[in-house]
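The task is simple: from the sequences and hints, build the whole structure.
Protein chains: 2
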Amino acid sequence: MALLGYLAASLTTVSFFPQAIKTVRSGDTSAISLRMYALFTLGISCWGVYGLLTADGPLIVANAITLVPAGLILERKGRALLAGRRRRH
Amino acid sequence: MALLGYLAASLTTVSFFPQAIKTVRSGDTSAISLRMYALFTLGISCWGVYGLLTADGPLIVANAITLVPAGLILERKGRALLAGRRRRH
Chain G
3 MALLGYLAAS LTTVSFFPQA IKTVRSGDTS AISLRMYALF TLGISCWGVY GLLTADGPLI
63 VANAITLVPA GLILERKGRA LLAGRRRRH
Chain X
3 MALLGYLAAS LTTVSFFPQA IKTVRSGDTS AISLRMYALF TLGISCWGVY GLLTADGPLI
63 VANAITLVPA GLILERKGRA LLAGRRRRH
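Residue numbers (this note's numbering), protein chains in the order written: chain G, 3 to 91; chain X, 3 to 91.
Just to be clear, a hint being listed does not mean it is correct.
[What the hints assert, rightly or not] A few chain X residues that don't get close to chain G, going by computed Cβ distances all over 10 angstroms:
1. Gly45
2. Gly59
3. Glu77
4. Gly86
5. Arg88
[Claimed, not checked] So the derived label-pair ranges between C-beta atoms look like this:
6. Met3(X) - Val26(G): 29 to 37 angstroms
7. Arg88(X) - Ala40(G): 33 to 41 angstroms
8. Arg89(G) - Leu55(X): 32 to 40 angstroms
9. Leu5(X) - Arg90(G): 23 to 31 angstroms
10. Ser32(G) - Arg87(X): 19 to 27 angstroms
11. Val63(X) - Ser12(G): 19 to 27 angstroms
12. Ala66(X) - Ala4(G): 19 to 27 angstroms
13. Ser28(G) - Gly59(X): 18 to 26 angstroms
14. Arg89(X) - Ala66(G): 16 to 24 angstroms
15. Val26(G) - Arg87(X): 24 to 32 angstroms
16. Gly29(G) - Ala40(X): 37 to 45 angstroms
17. Arg88(X) - Arg87(G): 36 to 44 angstroms
18. Leu5(X) - Ser32(G): 35 to 43 angstroms
19. Leu5(G) - Ala40(X): 15 to 23 angstroms
In case anyone wonders, no lab produced these hints; they're calculated from the structure. Just so it is clear, the structure is predicted and the values come from calculations on it, not from any experiment. Note that the Cβ used here is the ideal one computed from N, Cα and C, for glycine as well.
Structure (structure tokens):
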């Protein structure tokens with residue numbers, strides 16, 4: 003049963019990497035929701051702090067790993083929006 | 003401290019809704035990674051089953067809610083890929 007939990011945690015953590023790779027490679031963030039990645043990155047940061055406060059190792063590790071691709075996607079989306087705004091003015 | 007955990011869970015759960023709304027409204031899935039949503043949807047399904055097996059209410063609820071937008075994005079991406087394949091032949 004614990005194995006299913008580890009499988010679930012691995013799948014949801016690993017899943018953000020193909021999206022981050024696709025986003026960084028293509029530079030295309032048009033279909034990516036800024037709100038999703040703003041809320042999600044804030045959410046996993048809260049999970050990480052919660053893990054630190056409750057001294058929960060797996061929670062800290064899983065969220066620290068997920069923060070890398072999620073933060074990268076958020077940064078690319080933000081950068082594309084700023085570049086778009088600059089072009090319009 | 004528990005409040006921070008609930009905040010974290012709410013943020014990561016809620017975050018998928020703006021992406022699903024954007025994807026359904028625009029129909030644009032070009033920048034969306036099929037692999038991400040395939041792995042993520044499988045992952046939260048595993049989390050849900052793990053929640054059922056361990057009788058963990060919050061785990062069942064959070065993952066059942068997340069399954070709706072994540073599954074919707076996966077379905078739209080899959081549909082767009084199939085439509086693209088049909089056009090090429």
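To see whether the hints hold, each was checked on the structure:
1. Once the 10 angstroms rule is applied to beta carbons, Gly45(X) is inconsistent with being away from chain G; the minimum gap is 3 angstroms.
2. Remark: the non-interface label on Gly59(X) is consistent with the geometry, its nearest Cβ contact in chain G lying 16 angstroms away (cut-off 10 angstroms).
3. Non-interface call for Glu77(X) relative to chain G: holds, since the shortest CB-CB distance, roughly 15 angstroms, exceeds 10 angstroms.
4. Even its closest Cβ contact with chain G, about 14 angstroms, leaves Gly86(X) beyond 10 angstroms, as expected for a residue assigned away from the interface.
5. With a minimum CB-CB distance of about 20 angstroms to chain G, Arg88(X) clears the 10 angstroms threshold, and the non-interface call stands.
6. Separation of Met3(X) from Val26(G) is about 35 angstroms and conforms to the stated range, judged on CB atoms against 29 to 37 angstroms.
7. The hint said 33 to 41 angstroms for the Cβ distance between Arg88(X) and Ala40(G), and at roughly 35 angstroms that hint holds.
8. With their beta carbons about 52 angstroms apart, Arg89(G) and Leu55(X) fall outside the hinted range of 32 to 40 angstroms.
9. Distance hint check for Leu5(X) and Arg90(G): the Cβ-Cβ separation is about 41 angstroms, which falls outside the suggested range of 23 to 31 angstroms.
10. Between Ser32(G) and Arg87(X) the beta carbons are some 21 angstroms apart, a value that agrees with the proposed interval 19 to 27 angstroms.
11. The hinted range of 19 to 27 angstroms is satisfied by Val63(X) and Ser12(G), whose Cβ atoms lie roughly 22 angstroms apart.
12. Checked against the given bound of 19 to 27 angstroms, the beta carbons of Ala66(X) and Ala4(G), roughly 21 angstroms apart, stay inside it.
13. For the pair Ser28(G) and Gly59(X), the beta carbons lie near 40 angstroms from each other, so the given range of 18 to 26 angstroms is not met.
14. Between Arg89(X) and Ala66(G) the CB atoms are about 42 angstroms apart, so this pair departs from the stated range of 16 to 24 angstroms.
15. A beta carbon spacing of about 25 angstroms between Val26(G) and Arg87(X) agrees with the range 24 to 32 angstroms that was offered as a hint.
16. Against the hinted window of 37 to 45 angstroms, the Cβ-Cβ separation of Gly29(G) and Ala40(X) comes to about 23 angstroms, which falls outside the hint.
17. Checked against the given bound of 36 to 44 angstroms, the beta carbons of Arg88(X) and Arg87(G), roughly 37 angstroms apart, stay inside it.
18. The hint said 35 to 43 angstroms for the Cβ distance between Leu5(X) and Ser32(G), and at roughly 36 angstroms that hint holds.
19. At roughly 21 angstroms, the beta-carbon separation of Leu5(G) and Ala40(X) lies within the given 15 to 23 angstroms, and the hint holds.
Hint compliance for this structure: hints 1, 8, 9, 13, 14 and 16 are not met, and every other hint is.
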